[in-house]
Amino acid sequence: MKCCVCKNREATVHLTQIAGDKVHKVDLCEECAKNKGVNDPTGFSLADLLLGLGAAQQVDEAAGGVEMRCRRCGFTQADLKKAGRLGCPDCYRTFADALEGLLKSMHKGTRHVGKVPAALRQVEDTRELIKQLQKQLAKAIEEEQFEQAAVLRDAIKQATAQLANAATPNKP
Amino acid sequence: MTLEAFLAPPAEAARRSGPHDRIVMSSRVRLARNLRKFPFPGWAKKAERMALYELVSPALASLPELQGAFAEAMDHLSPLDKQILVERHLISREHAAKGAGSGLVLDRNETLCVMINEEDHLRMQALRPGLQLRQAWTALDAVDSALEKVLDYAFDAQLGYLTACPTNLGTGIRASAMLHLPGLVLSEQINPVIQSVNKLGLAVRGLYGEGTEALGNVFQVSNQMTLGETEAAIIERLEKVVLQLLEHEENARASLLERRPRMVLNQIGRAYGVLANAHIIASKEAMNLLSLLRLGVDLGLFPGVDRSLTDELFLITQPAHLQRLQAEELDADQRDEVRAELIRARLKSVRRPESPPRPPPEAAEAD
Numbered sequence: 001m002k003c004c005v006c007k008n009r010e011a012t013v014h015l016t017q018i019a020g021d022k023v024h025k026v027d028l029c030e031e032c033a034k035n036k037g038v039n040d041p042t043g044f045s046l047a048d049l050l051l052g053l054g055a056a057q058q059v060d061e062a063a064g065g066v067e068m069r070c071r072r073c074g075f076t077q078a079d080l081k082k083a084g085r086l087g088c089p090d091c092y093r094t095f096a097d098a099l100e101g102l103l104k105s106m107h108k109g110t111r112h113v114g115k116v117p118a119a120l121r122q123v124e125d126t127r128e129l130i131k132q133l134q135k136q137l138a139k140a141i142e143e144e145q146f147e148q149a150a151v152l153r154d155a156i157k158q159a160t161a162q163l164a165n166a167a168t169p170n171k172p
Numbered sequence: 001m002t003l004e005a006f007l008a009p010p011a012e013a014a015r016r017s018g019p020h021d022r023i024v025m026s027s028r029v030r031l032a033r034n035l036r037k038f039p040f041p042g043w044a045k046k047a048e049r050m051a052l053y054e055l056v057s058p059a060l061a062s063l064p065e066l067q068g069a070f071a072e073a074m075d076h077l078s079p080l081d082k083q084i085l086v087e088r089h090l091i092s093r094e095h096a097a098k099g100a101g102s103g104l105v106l107d108r109n110e111t112l113c114v115m116i117n118e119e120d121h122l123r124m125q126a127l128r129p130g131l132q133l134r135q136a137w138t139a140l141d142a143v144d145s146a147l148e149k150v151l152d153y154a155f156d157a158q159l160g161y162l163t164a165c166p167t168n169l170g171t172g173i174r175a176s177a178m179l180h181l182p183g184l185v186l187s188e189q190i191n192p193v194i195q196s197v198n199k200l201g202l203a204v205r206g207l208y209g210e211g212t213e214a215l216g217n218v219f220q221v222s223n224q225m226t227l228g229e230t231e232a233a234i235i236e237r238l239e240k241v242v243l244q245l246l247e248h249e250e251n252a253r254a255s256l257l258e259r260r261p262r263m264v265l266n267q268i269g270r271a272y273g274v275l276a277n278a279h280i281i282a283s284k285e286a287m288n289l290l291s292l293l294r295l296g297v298d299l300g301l302f303p304g305v306d307r308s309l310t311d312e313l314f315l316i317t318q319p320a321h322l323q324r325l326q327a328e329e330l331d332a333d334q335r336d337e338v339r340a341e342l343i344r345a346r347l348k349s350v351r352r353p354e355s356p357p358r359p360p361p362e363a364a365e366a367d
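Note that the protein sequences, when read in sequence, are chains W and R.
FYI, our numbering numbers position 125 of the first sequence as 125, with every residue one higher than the one before it.
FYI, our numbering numbers position 284 of the second sequence as 284, with every residue one higher than the one before it.
Please keep in mind that the hints were generated in silico from the structure rather than gathered at the bench.
A portion of the hints provided could be inaccurate.
Facing chain W, according to a computed beta carbon distance under 10 Å, are these residues of chain R, among others [to be verified]: (1) L31; (2) L35; (3) G42; (4) W43; (5) A44; (6) A47; (7) K149; (8) F155; (9) T226.
For each residue, glycine too, the CB sits at the ideal point set by N, CA and C.
Input sequences plus hints: build the corresponding full structure.
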């Protein structure tokens, strides 16, 4: 087996990380392992290592030979490869394809399941409420319960207005 | 107010106590947050960083948690002040290297610290003595929720909080515990233990975080993954592992005393001997020996001596604290002399370790 960093020497260091039900494997030769600090268990983290070697390759593949550049901040694919960091929040959209595989290998999942800012959570809740109301409305109409339908229609109107207000927050 | 006047004196800082603090020195939870309309600090131009600083500072100042806080721009702090903050684990080494456009806000109790324009626009952390990861998270969560009302966070429904480095994406959370593990080091179990912790998706690092050496047998254990898991699940997983490490460490200490009491006594006795008699001592050696002294105190070999003695020495023998204490700039050689003198003076009233050891104190902590 060849080393996955230099792709030249024989891999003698094999690392496995298991988190939940995910297994990450990295095979390195002596020299690359040393360069990556694998010999010093305290200074080593697999995420950093994976980021280091995966990034350049995946960014190139995703770009398909075209030099990508963030329209908002001017950060380029070359910058990403060099820094392993992004330029601005919008870069996540610009480089979405390049990052996808990387995020998969780095994290437990690719979808955020943690905290959501309260304002956004309200928007989500309101959207869900509108969906429910629309279902009920359709049912009421079908059953020719027009009084009930009128109430539901007003409720939907109100919720939709709320949503429009929430979409334009007064923030700095 | 100067930083010196603001920070608790080392003796007071060393007496802070919390659950399991015999082994878990402190708990910390950090959140990375960025503002939607600004480039990340590493890519932003100086004017953009300054503008962000101007925007974020009043928002932080308005928080009830940060009334009476110490707030300062990094370019207004002396190199010595910055180093002191690093030695207290209040800011990262990276942040200490920052200048104009970066800053920090530290609350009155030194339990909440916000770095502005570190790698992300905001790096806020809650700190607690002992094992208090949940408490730290609850406190920080509240601060974050208050801030999101006045700051326009970069948040994506799919990816969560957007961060400069994809390794922090999602929750932006890094929870960590600082552990004193001399038993596992002396019994040579530390490497396999670190490896198995790594396999659980947790990182083990040295005293000052990323890429640092485990001086004084102090290790930081933290989560690596931030996306695809809730904050509560991340903290719970870390807490479980920390509790296991705690048990391993107690077992290692107990079995060392039972099987190799002479080796343990030898190590602690020699550490005492050097610390109590050295005239020149480097910071690294001092920390490693103080760690053994701390172990001796834990094992009841120094009756009447409190753990805060070693913890205070741990802090004040570090380069910046030493220079602050002496109120003058010292070169490395001078520091080694002053450090030795300081330790000798503090250990004058400490009698050498008793031997043979009394029956080891119960492993369980009274908390």
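Tested hints:
With 10 Å as the threshold, the beta carbon of R/L31 comes within range of chain W, its nearest partner Cβ sitting at about 9 Å, so the hint holds. Annotation: R/L35 was flagged as interfacial toward chain W, and the flag holds, the nearest CB pair being 8 Å apart, inside 10 Å. About 6 Å separates the beta-carbon of R/G42 from the nearest beta-carbon of chain W, less than 10 Å, and the hint is met. Taking 10 Å as the C-beta contact cut-off toward chain W, the hint placing R/W43 at the interface holds, the least distance being around 4 Å.
Contact between R/A44 and chain W, as hinted, is supported at the beta carbon level, the nearest pair being about 8 Å apart and thus within 10 Å. Look at R/A47: its Cβ only gets to about 14 Å from chain W, farther than 10 Å, so that hint breaks. Among the interface hints, the one on R/K149 holds; its C-beta lies about 8 Å from the nearest C-beta in chain W, closer than the 10 Å criterion. For R/F155, the interface hint holds, the least distance from its beta-carbon to any beta-carbon of chain W being 6 Å, beneath 10 Å.
The closest approach between the C-beta of R/T226 and any C-beta of chain W is roughly 7 Å, which is under the 10 Å cut-off, so the hint is satisfied.
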